[in-house]
Amino acid sequence: MSTPLVVSEVCKSFTMHLRGGIKLPVVENVAFALRAGECAVLGGPSGAGKSSILKMIYGSYAVDSGQIIVSHGEALVNLANADPRTIIAIRRDTIGYVSQFLRAVPRVSARDVVAEPLIARGEAAETARQKAETLLAQLNLPERLWSLPPATFSGGEQQRVNIARGFITDHPVLLLDEPTASLDKANREIVIDMIARKKEAGVALLGIFHDQDVRDIVADRVIDVTGFAPERKAA
Amino acid sequence: MTDEPLLRVRSISKFYGNRIGCSDISFDLYPGEVLAVVGESGSGKTTLLNCLSTRLLPTSGSVSYRMRDGLFHDLYRMSEAERRFLMRTDWGFVHQNPSDGLRMTVSAGANVGERLMAVGQRHYGDIRATATDWLGRVEISADRIDDQPRAFSGGMRQRLQIARNLVTGPRLVFMDEPTGGLDVSVQARLLDLLRGLVHELGLSAIVVTHDLAVARLLSHRMIVMKDGHVVESGLTDRVLDDPQAPYTQLLVSSILQV
Amino acid sequence: MNAHAEAIAQYNFAYLDEQTKRMIRRAILKAIAIPGYQVPFASREMPMPYGWGTGGVQVTASVIGPQDVLKVIDQGADDTTNAVSIRAFFQKVAQVSVTTHTGEATIIQTRHRIPEEPLKEGQVLVYQVPIPEPLRFLEPRETETRKMHALEEYGLMHVKLYEDIAQHGHIATTFAYPVKVEGRYVMDPSPTPKFDNPKMHMSKALQLFGAGREKRIYAIPPYTHVESLDFDDHPFEVQRFEEPCALCGAHGVYLDEVVLDDRGGRMFVCSDTDHCEERRAEGHRGHLSGEEAAT
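First to last, the sequence lines map onto chains A, B and C. If you number the first sequence the way the working numbering does, the last residue is 235 and the count never jumps. If you number the second sequence the way the working numbering does, the last residue is 258 and the count never jumps. If you number the third sequence the way the working numbering does, the last residue is 295 and the count never jumps.
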């Protein structure tokens, strides 16, 4: 089985220049590998750096040191020092991301928000929209909402739009930041099912799930982030 | 995205006497890429934009542009005729104040059609049809085609200016605070429109703005400027979510939350 | 020399001093060498107000010689104030022969018309020009319009024609209709009716344009291509008149409307008075020529 993502010796800290330049270490020596077809879950209490790790892998946070090697097309790329264009290409083709909150763009319909990643990869707009509608229907988002911009949707509705957007492509790596947080039981089940099918398709998933039940069902293994806590090393 | 940049900027500096306009700025812009230049007033971002778009001669450095023949041409070694031709065919420039970029005393249709006529189109019916189509794309109703922009609202004027620039299918568009001075709701509509057009047409753009939300919505990459220098650059969401430079942290933390 | 000549001897021949004439001739030569290009010149104060043809008068004064025969027309007519004054001026300061007959003249100074009778080789047509810059309507900056001429950026000229069609359904510009000279410079033919534009094309005469207030001279040498700007689907057309000249019965000439009474009576007559008179002398008659003779 292939290993599309390998994280090693990754350290991250924040330097707060507005507060006298104090340095807040977040994680140190993060190391794990993600295999195709598995769902690994980052575990640990709030503030342990789970989200920071996801964001470093997605490129939204800078990496102080260490490597994040991702298998991008034919090449192995170190995300920790990749240039912006490479990261954009990796996001388009290799690493998908379902964030906790939807960053709504004014006036773009839910259908188009979901279809966008497919269109960005060169899919015909009509095909992409049909696929978007299938996913939204699957996630029980009422059809009357599809043509509306999601900015005014409820938290759960927005989250479903977000999930559909993340799941519409066949990226080999998918990052999930609490995708089920504001969903009811029925919709949670559906997402759990969708994750299972991604696994069957050989996608490597890395997620954060605060919901114990969901985590127990989807997780093949739990990566304990407290093991990467900087204090341990300092002690 | 292809592997060759569209615009190569190398060590561009502009001095006004002893005062720095912008200093030693280098980057590449690739096809389909939107670069935001952010910073407060006086940070040199407009000076940089003007140096890149040949509106202002830089003190030193070079800007080269990959023409449609695939070859790079140094903008400041081209003849003025070539530069001006480039400006009205392969480039666009969207001014903050639409009256700087529009002819306020000729109709909307003629404003859009001017570039077509400038490149030699001589069929009134075709020019008008293209103008009508572009007005539609920027959400100006076809029955306003013979009205002068003087009779338009600020948002409409700005959309008209965009249509006027995009009608010749440029590959690179410079924008100077394209949403400055507009109401928030009007801004949102314009941003959405710009975002859609940039996507659809595969445009490269350099957008100067002091509004970080505009930068986040439109751009792939950004450059943060202060006192004429680049203090930080990189992927837009990384610069905004994990700013490294003290000044960027200050900027990001100063955004008002709604 | 007789007493009259001595009395005006204080004036140099043709009023302008020789240095000024040389300066203007240099400008004219340059203008001829670059057809349609506006050459700046040091326009002098003339003994008449701006707008009365100070540019045309300076050009005429610089090219006229004692052997020349001068004709002056204002909107086609030899007998209007402006034409009469300028004719008298040159009679006085250059003692040249004057004529009203197009065919006899060697120099014709004109305000807003080209004679109907085709011009010949050796004739010079001098236009009085109020505003020489055709682009000014849309681009008021002189620095910019000069650059546009230099770089042959003439899209703006079509913007004006576009506006015409958008507003009126056709190109409504009927005078000062822009032309492109020898495929290069766009030029304002002065406020002549567009009816006269085709006469400029391949004309056998030398055409000189003088703008006194604006200090510009431009020219169309003989046998030069002069093309009126237009659109493929709205081609250039000259005005057509429904009826012939009421006095001489001429078709295909430019007509002026003359109001006859306060009950709506009107007639259309040749704007070119010389042309009309010659036709009548040849025996041509229009439907009102009898009544006209009575007045």
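FYI, nobody ran anything at the bench for these hints, they're computed from the structure. A quick note: this is a predicted structure, and the numbers were derived from the prediction, not measured. Don't take each hint at face value.
[Unchecked claim] What follows is a list of derived Cβ distance ranges for each label pair: (1) B:G202 x A:P106: 55 to 65 Å; (2) A:A89 x B:D227: 29 to 39 Å; (3) C:A33 x A:A89: 53 to 63 Å; (4) A:R144 x C:H170: 47 to 57 Å; (5) A:G155 x B:V252: 20 to 30 Å; (6) C:A33 x B:D227: 51 to 61 Å; (7) A:G155 x B:E139: 42 to 52 Å; (8) C:E152 x B:L71: 45 to 55 Å; (9) B:F15 x A:A89: 29 to 39 Å.
[Stated by the list, open to error] Now the stretches of chain B that chain A is said to cover, found in silico as 3 or more residues with beta-carbon under 8 Å: (10) 184-191; (11) 221-235; (12) 242-251.
All C-beta atoms, glycine included, are put in the ideal place defined by N, C-alpha and C.
Each hint tested on the structure:
For G202 (chain B) and P106 (chain A), the hinted distance range of 55 to 65 Å is not satisfied, since their beta carbons lie about 22 Å from each other. The supplied range of 29 to 39 Å is met by A89 (chain A) and D227 (chain B), whose beta-carbon atoms lie about 33 Å from each other. Against the hinted window of 53 to 63 Å, the Cβ-Cβ separation of A33 (chain C) and A89 (chain A) comes to about 59 Å, which satisfies the hint. The beta-carbon spacing between R144 (chain A) and H170 (chain C), approximately 51 Å, falls within the hinted interval of 47 to 57 Å.
Separated by about 25 Å at the C-beta atoms, G155 (chain A) and V252 (chain B) satisfy the suggested range of 20 to 30 Å. Look at A33 (chain C) against D227 (chain B): about 53 Å separates their beta carbons, and that is inside 51 to 61 Å. A beta carbon spacing of about 31 Å between G155 (chain A) and E139 (chain B) contradicts the range 42 to 52 Å that was offered as a hint. For E152 (chain C) paired with L71 (chain B), a C-beta distance near 24 Å fails the hint of 45 to 55 Å.
As the Cβ distance of F15 (chain B) to A89 (chain A) is approximately 37 Å, the hint placing it in 29 to 39 Å holds. Given as covered by chain A, the stretch 184-191 of chain B passes the check, having 3 residues with a CB less than 8 Å from a CB of that chain where 3 are the minimum. For the stretch 221-235 of chain B, the proposed coverage by chain A is satisfied: 3 residues have a C-beta within less than 8 Å of a C-beta in that chain, meeting the threshold of three. Coverage of the stretch 242-251 of chain B by chain A holds [criterion: at least 3 residues with CB-CB distance below 8 Å; count 6].
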